[in-house]
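Chains as they are written, first to last, in our numbering: chain Z, 9 to 325; chain E, 1141 to 1399.
Hints are computed from structural coordinates only; laboratory data are not their basis.
Be aware that one or more of the hints could be misleading.
[As the list claims (entries may be wrong)] Derived lysine-lysine pairs resembling BS3-like cross-links, with alpha carbons at most 25 angstroms apart: (1) E:Lys1211 <-> Z:Lys170; (2) Z:Lys170 <-> E:Lys1200; (3) E:Lys1211 <-> E:Lys1200.
One-letter residues, chain by chain:
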Amino acid sequence: MCLALGLNIVAGYAGLLDLGFAAFFAIGAYSTGLLATKAHWTILATLPVGVTLSLVGAVIVGLPTLRLRSDYLAIVTLGFGEIIETVANNLNFTGGPTGVFGIPPLAIGGLQVTTNTGYYWVFLVMVVIFVVAALRLRRSRLGRAWLCIREDEDAAQAMGIKTQRYKLYAYMAGAIIGALTGSIYAPTLTAIAPQSFSFNESLLILMAVAIGGLGSVWGALLGGAVVELVPEFLRSFSQARLLVFGVVLIIMMIVRPQGLWPEGGFGLRDLVRRNSRHLQVDAASVTGSDRDSPATAIGVRPADRTQQTLEDGTGSS
Amino acid sequence: MTARVAGAQLEVNNLSLRFGGLSALTDVSLSVEEGQLVAVIGPNGAGKTSLFNCLTGYYKPTGGAVSYAGKDVTGMSPPDVASLGVRRTFQNIRLFPRLSALDNVLAGAHLRARSNVLAALMGSREFRRSERRLVGEAERWLEFVGLGEYRDIRAGELAYGVRKRIEVARALIGEPTLLLLDEPAAGVSSMERSDLSGLIKRVAERGISVVMIEHDVEMVMSLASQVTVLDRGQVIASGPPSMIREDDAVVAAYIGRRR
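Given these sequences and hints, build the entire structure.
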């Protein structure tokens, strides 16, 4: 869920297709794991290190590639994800394929978190913080610039938005959230291995964001929950459960491509609005206009405009 | 604010633009005084939009120079040109389709919004106040173009003429000193066309210099104080509307009389 919230800023807000998001997750987790086991740092003290390292990674990868169109960005981020996994797999320093184990528990002000319930609360707090941050950013200059870039990069430039810089900011914001999540995730498991940060993980996160609805904070939460929980519910299918999950996803994307909880809300607001439009059109027909074909309900709201739009046929374009 | 007093003057000198062997613009010169409304007309493919793209940084001209308020802007990037107070609209409307009308206008205020991310994250009182002020201003600009009631509707769902006017509002909230309008009346019904003329007139009355590309001759003749005619990338005539109407070269370019 935390990861979905992070990627939602990169992919949902700014429209950047990032296929290697797990890399930041890995950088956070490994920074924490290694510093805590080898240098005996407390977990909290390792957080800034993980964040800094992943920001460095984001800038190195992002600076040259964010000039490119999004397809190329997808390839480069995919490569970045692979590199991080391969490095973790092959360095002795990172424990190779066995990874890092014996990571001490998270301690906040002398209070050690050891139980699953404890970690549940920790993650809940993180989710709340990320949600508030994401929602507030959405309503700020930075968030608006991201949305504009996603919608139309050329037009965004005409507003004075330096699109390359803002794309980098989005990538960095995602990196911060990814690394923080990784740093807290490492002590939860007490052991981390490269497989946890593979391309599959990146895809799952992206899937969570897409299922929920790109750009929607609540959608990212919901999508994260779906991706985590649905395969568990499908355990009765045993071997075939991932297959079933895949089919469910395909069906969902056909039936509801905008995601479960898209940006504009559940679609309820649209429904209400559309109905109110019909009402206004009806009112117009009562007061004299005899052209109340369904076409008038599309695209134009106030009754006094409907007739005119019909005449020149620009109602929808 | 000071820029407005200092004077918005656009100076285009011998601008050329080539795409490989194709000359889109050749030696185009144009000058716009502060508060002046200039029209650029010409047949399809004459290079009008290419000219706009050169003026706003989307194309890098291959020759000549563009200066704005005494500052050389040749080859600057679009956001840098915008930061000097130049705003434009696009021929094919480039709104942000999935954002509401209000959010579209707010986007135009990008350079004027507070940029402190920490304040935004903390939701500080000062930040909220400045955002409220901007939203209020965006609402006023929507009213200015006569679209207050469309505030919360997504731009992509709105009618063509409405979207054209939202684009103007989005440009105006950026407090431009020079506004470039690329075919504001194209595809707009005759009724909305007179609304639009009135709107452009009101913009010019605010002291904003306007350059507009337009095919509607009547609109051009009634609004513009200077008209520049482009044909095949070259300026074939330039002057007040009454003179342009009589110009032989212009008539030939439009009607195709033998030269």
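Contradicted hints - numbers only: Violated hints: none at all, because every hint is consistent with the structure.
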